[in-house]
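Asker: Since chain W is already given, all that's left is putting chains F, C and B on it; use the hints.
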Amino acid sequence: MHAINYEAPTTVDQALKLLAAHGEKARAICGGTDLIIQLRAGVRRPEHVVDLKNIADMRKLSFSLQHGLRLGAAVPAIELHESADMRRYYPGLTEAAHLIGSLQIQSRASVGGNLCNGSPAADTTPALIALAAKGRVVGPKGERMVAAEDFCVSPGRTVLNPDELLVDLQIAAPSGHSSDAYLRFIPRNEMDIAVVGVGVAVTIDPADDRCIDARIGLGAVGPTPIFAKEASATLVGKKLDAAAIDKAAQLAIAVSSPIDDMRGTAEFRRHVVGVLTRRTLAIAIERARSASSR
Amino acid sequence: MAIVVVPALLRKLTDGVERVPVTGRNLGQVIEDLERQFPGFREQLVQNGEMKPSIAVSIDGEMGTGGLLDRVKDSSEIFFIPAIGGG
Amino acid sequence: MAASNGKNFKVIGTRPIRHDGVDKVTGRAKYGADYAFPDMLFGKMLRSPYAHARIKSINTDKAKALPGVMAVMTAADLPDLPDRVESAGEAPINVAHLTQNLMARDKVLYNGHALAAVCATSPHIAEEAVALIEVDYEILPPVMTVEEAMKPGATILLPNLRNKEEGDKQTNVASHLQFKRGDVAEGFKSADYVVEREFKTAMVHQGYIEPHNAVAMYNSDGKGTIWCSTQGTFAVRGLSAAVAGIPEQDIKVVPAEIGGGFGGKLTIYLEPIALVFSKMTGKPVKMVMSRADVLRATGPTSGSTIRCKMGCTKDGKLVAAQVWMAYEAGAYPGSPVGAGAMTIIAPYVIPNMIIDAYDVVVNRPKTAAYRAPGATNAAMASETIIDELAEMCGIDPADFRLQNAVAEGAAQTAGPPYKKIGFVETLEALKNTPHYKSKLEGPYRGRGVASGFWFNIGLQSSAVVNLHGDGTASLVIGSIDIGGTRAAQAMVAAEVLGIGALDVRPQVADTDTIGYTDVTGGSRTAVTTGVAVFQAAEDAVRQLKERAAKLWEKKPEEIAYTDGVLSTAADPSKKLTLKEIAKQFARTGGPITGRANVNVRGVGPSFATTCVDVEVDPDTGKVKILRATCVQDVGKALHPSYVEGQIQGGTAQGIGWALNEEYVYDDKGILRNFGLLDYRMPTCLDLPEIETVLVEVPAPGHPIGSRGVGEVPIVPPVAAVANAIARATGIRMEVAPMSPPRLLKALLKKRNGADSQAAAAGR
Amino acid sequence: MAKKTVIETTLNGEVTEFLCEPRESLLEALRDTLGLTGSKEGCLTGDCGACTVVIDGRAACSCLVFAVEAQGKKIETIEGLASREGLHVLQQKFLEHASLQCGICTPGFLMSSKALLDRNPNPTEAEIRYALAGNLCRCTGYDKIVRAVVDAAKTLNSGARAA
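Residue numbers (the numbering used here), protein chains in the order written: chain W, 518 to 811; chain F, 52 to 138; chain C, 323 to 1085; chain B, 1077 to 1239.
The shape of chain W in the complex, shown without the other chains:
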């Protein structure tokens, strides 16, 4: 690895000052489970590495039914699974976080870092998209909120300017009859990068079992994670029967633009997007129906 400088600020302001000072030459690090590999491979060559793990604000996970979820960008993925609230109110996002690499990886990697790494195959990003998560981005010019689906712009690149930070992710509390789910396809049963990932969140009207709201996020089937707008919209107002689910799956396939690579062919990915959209919807719908028991 090339020589680097390491800095570990303890406040967001300190971090912003460092990023402003170093500009393009700096790279922020949370868990480092992607960045350190990229540095070794020479894919990224920053002179300064700014570690955000010591910033208390960014290590907080707080949830309430009034204010919803505020997930510090540096919270290790494993802490989601360890939170009863997360498992109960955001099972899909929690599953996605629990699928990132091994437990060794999850004890370091964060959901925020997963998003900022900008990988099209990031497991948590489709789950964030499904939940309409917004990222609080702070920079010298102040603060802006960026929707999860707008965060990535191309493989490895995001909307973050070199002098900006993702401080936390914010998600509304689920209303009574809503829930989420995430499934990915990998050749093995753990440790692989998603060949296809599908995150789904649905809200249903218990009275007639119609869909009030639905959002579908897709991973690894385009240059960035995708918000499947049409696929989501087609469900709204409908009874969530096999036909509706199948329509959504077809539209999810339509919005995918996968590539051939060593992890799977484009043809394979297109087929599996349909399969996983059906399966993930089925799980989310079942959860939403039983969510009334809250």
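Bear in mind the hints are in silico, worked out from the structure with no lab data behind them.
Mixed in with the good hints, there may be bad ones.
Unchecked claim - Simulated crosslink set (DSS-like; lysine-lysine; CA at most 30 Å straight-line): (1) C:K486 - B:K1079; (2) B:K1079 - C:K605; (3) C:K384 - W:K542; (4) F:K63 - C:K491; (5) W:K534 - B:K1230; (6) B:K1080 - C:K386; (7) B:K1149 - W:K542; (8) W:K542 - B:K1080; (9) C:K741 - F:K103; (10) C:K605 - B:K1080; (11) W:K577 - B:K1230; (12) C:K741 - F:K124; (13) C:K502 - F:K124; (14) C:K897 - C:K877; (15) F:K103 - C:K332; (16) B:K1079 - C:K384; (17) W:K764 - C:K1071; (18) C:K332 - C:K631; (19) B:K1230 - W:K570; (20) F:K63 - C:K631; (21) W:K534 - B:K1149; (22) B:K1079 - C:K742.
What the hints assert, rightly or not - Residues from chain C that face chain B, not an exhaustive set, calculated with beta carbons under 8 Å: (23) N381; (24) D383; (25) G971; (26) T973.
The beta-carbon is built from N, C-alpha and C at its ideal position, and this holds for glycine as well.
Answerer: Okay, now just chains F, C and B, sitting in the frame of chain W:
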């Protein structure tokens, strides 16, 4: 007399004959006798005075270890086999 | 415990804790990369970014100028060795190819081929310096498959490689072998069912967790020492001497603990480079490969293309087989296609057969041995077709194999007859397992059976047994212990000496301490070195009898030694335990050392039969292994726990090969999956409990009856999984690995085919 | 080259100081600077788990942690697993069940298993297999490793301690 079972691709040297009777008390003498009967055999099997490392020899079902000095009986059956390695 | 061969063993067959166990669970065991010396330097290789290119020039000035860089090396710093085949280690090797594989001279022949190296004060600096070496390449077209390589007019990899069969032309075909028996045409005429298919298996890697490593120290007296993780210290000594141009007797190789090999650590990559660097700099030098280096540039095993045709009568008697097989050798000749040819139908009596086998060079890393090299590829073809024939005949797959199985006296593929073997016994044992007797129900579930054969090898071993004053013994051997063979050897010595397994302290010694010993490979270590240990212990016992004879004024022939006690029929009052006589070594002639050196002839071959249950996800093509059982003839298990471990490990590797493991190259011949994220070996979530059944048909000629156990378990699984998938889906897969995209494609093709048929039928 | 910094950490219970360059991994510091070579390098990408250590109670790949990040942390390595009283139950069970062949992956498996049992003393086999999925073993097929962890958990829960 001992019998040499000729490997498929060397039968071109023996006009297709598979089993060749030979004389000799050890492998070296047997190969010399083969060479006498079918010129060209020696260079297929021997390289500067030793069995080629790529060829193993089976005499009466035992893999040879003494190279050209391996003993041959009148009743012996001799096979030349590609040497194999394991993992 | 009563041994299957009638002998009664007290230690053999028990399960003592391995002698090197505590060091390994406490992190104290020293592996090659764990060695460090003051003032040590670190070496790194420059590797080719191209699959095939001519090296026009190499400029190392900038690298040399980087602070901390102590030396830079290219092929010019190594002797240019002639094309010469030598037998070093276990298999013959061409030393010119060997040295060019370590350091390319005029051409790079695969992505990752080393062509220069740097030695610096830190691994980071060495890495930075490697990036500063400037190479001018003339890029040549890559030849990636045996089909391309064998085409007339194909790009030639090695100018000196010539085809003697057809008019002495340049070629990529390094060798052609043929095996023939009976009349194949007549044989197929007499067949009621004939199946012919073409199979392809991907290049796969052994996947040992420990990367290759070497630490070398060259002294001003012209003598050098190499510490490394290898399967054969004497092979490292011989091969390194050739490559480095240093006399063999001036090199000592010290065996570090080894973190897996499976055949991949029989040859060398770094050892002579580190030694030459040490000679250049006068300092100790350490070289350790990255995982990417291991995958790109060490020796995986061959991908292959196999056309196999077999026929049987309607009552299930095999009558003919015709095989054409070509294996990727990698950049230099030497694929295991010969072994593939001699194993592909080895388990069966087939009166008429012809097998043509081709060793083909391609722009991929030079292949190395991998657990029963060549046999798994071959079994994927033959065992799939056998299963299909059994299905056609409506005969249970185990019974079909039983009625065609080879037994003592049957001819092997190359001609010689089998001695006592246990193939039939493994099939009968399988039929009695709870697994095979259980019912497998549910959609897209299937059970597959396949069998495998492996020769096992003998070769040379040395052993020394020292008896100590307290009646314990120390055992010195030259065989590297990769999986617990030290414990097995100690148990053999303990059995003969009539003492406890833990009263024998085994030690794997360096090349100056023990006599020549061939590599740990070919499943030979427990068995063949076991013979040396057995004889060395007997030699010690012979001397014990002489000492007792001296004390009791008897002849040595009058002394008996049983269970560690000396006695004589001539005088029942006289008894001496080993502990007691050990105290008297000094006044009866001094210490006792037993020794033996062997070159073992016939060793017992092994057969294994594996049964796998799978469930296929019809929508994704993903295969779940529900249950797996391997039944193997082990002759006589020395330490059953480690025999089971060998079988479970081989089965696991076979399942990985069947499902997801493969080298993926792009159209330019660049390896895409050079890490363990995308070279997908099974994790513990991908495997069920692997059940093992040890069948014990003693190997003739072995003092204990043991057979090699390490390799054969990897032979059946790929075919067994393919057969299970066939039973689950009706699809016969012809490509390994049977990865989700491949299987899904086949599933959809079948479904659509069925639909269009239905449509055609107007339904 | 950036100059070296002093890092203070609690290593296997002992306050420990070491010097490192920012680009050095914790694995390098442990093996090359501190001479604790029990943690192994298998891949340097977090895929094999041979370098697993426990940081503040959680298993982590020391190859994906900068040495400087160890400042103020509590780090446990394989060298600290056994005590004066003897081997840890997991170590004892790995020996009894013949859970290792070449042994290169063993320290990583032991540290992952320890992190698991410290948090979940009574795991199911499925939980064990999930917790060990980040540790590759190429020799054993995992079976004997899983048996050993199951047995170790049973022993710990029965209150018995090995050695």
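Asker: Evaluate each hint against the coordinates.
Answerer: Against the structure, the hints come out as follows:
1. Restraint check for K486 of chain C and K1079 of chain B: the C-alpha separation of about 63 Å exceeds 30 Å, so the hint is violated.
2. Straight-line distance between C-alpha atoms of K1079 of chain B and K605 of chain C comes to about 25 Å, which keeps the hinted pair within the 30 Å bound.
3. As the CA atoms of K384 of chain C and K542 of chain W are separated by approximately 25 Å, the hinted pair is consistent with the 30 Å bound.
4. Taking the CA atoms of K63 of chain F and K491 of chain C, the gap is near 20 Å; set against the 30 Å cutoff, the hint holds.
5. Straight-line distance between C-alpha atoms of K534 of chain W and K1230 of chain B comes to about 53 Å, which puts the hinted pair past the 30 Å bound.
6. For the hint pairing K1080 of chain B with K386 of chain C, the CA-to-CA distance comes to about 24 Å; that is within 30 Å, so the pair holds.
7. Restraint check: the Cα-Cα separation between K1149 of chain B and K542 of chain W comes to about 28 Å, which is no more than 30 Å; the hinted pair holds.
8. In summary, the hint linking K542 of chain W to K1080 of chain B is supported, as the alpha carbons are separated by about 20 Å, within the 30 Å threshold.
9. Simply put, K741 of chain C and K103 of chain F have alpha-carbon atoms about 26 Å apart, close enough for the 30 Å limit, and the pair holds.
10. The suggested pairing of K605 of chain C with K1080 of chain B holds, with an alpha-carbon distance near 24 Å, which does not exceed 30 Å.
11. Taken as a hint, the K577 of chain W and K1230 of chain B pair is broken in the structure, with Cα atoms around 36 Å apart against an allowance of 30 Å.
12. For the hint pairing K741 of chain C with K124 of chain F, the CA-to-CA distance comes to about 19 Å; that is within 30 Å, so the pair holds.
13. Restraint check for K502 of chain C and K124 of chain F: satisfied, since their Cα atoms lie roughly 26 Å apart, inside the 30 Å limit.
14. Annotation: proposed proximity of K897 of chain C to K877 of chain C holds, straight-line Cα distance about 15 Å (limit 30 Å).
15. A C-alpha spacing of about 44 Å is found between K103 of chain F and K332 of chain C, which places the hinted pair above 30 Å, so the restraint is violated.
16. About 23 Å separates the Cα atoms of K1079 of chain B and K384 of chain C, which keeps this hinted pair within 30 Å; it holds.
17. Annotation: proposed proximity of K764 of chain W to K1071 of chain C holds, straight-line Cα distance about 23 Å (limit 30 Å).
18. A threshold of 30 Å between alpha carbons decides the hint, and for K332 of chain C with K631 of chain C the separation of about 49 Å lies outside it, so the pair is violated.
19. The straight-line distance between the Cα atoms of K1230 of chain B and K570 of chain W is roughly 37 Å, outside the 30 Å bound, and the hint therefore fails.
20. A hinted pair counts as satisfied when its Cα atoms are at most 30 Å apart, and K63 of chain F with K631 of chain C qualifies at roughly 25 Å.
21. With a C-alpha separation of about 26 Å, the suggested pairing of K534 of chain W with K1149 of chain B holds against the 30 Å cut-off.
22. Taking the CA atoms of K1079 of chain B and K742 of chain C, the gap is near 69 Å; set against the 30 Å cutoff, the hint is violated.
23. Of the supplied interface hints, the one on N381 of chain C is violated, with its beta-carbon coming no nearer than about 24 Å to a beta-carbon of chain B, more than 8 Å.
24. Interface hint at D383 of chain C: violated, since its Cβ lies 21 Å from the closest Cβ of chain B, which is beyond the 8 Å cut-off.
25. Given hint, G971 of chain C at the interface with chain B, holds; its Cβ is 5 Å from that chain's nearest Cβ, closer than 8 Å.
26. Against a cut-off of 8 Å between C-beta atoms, the interface hint on T973 of chain C holds, since the closest Cβ of chain B lies about 6 Å away.
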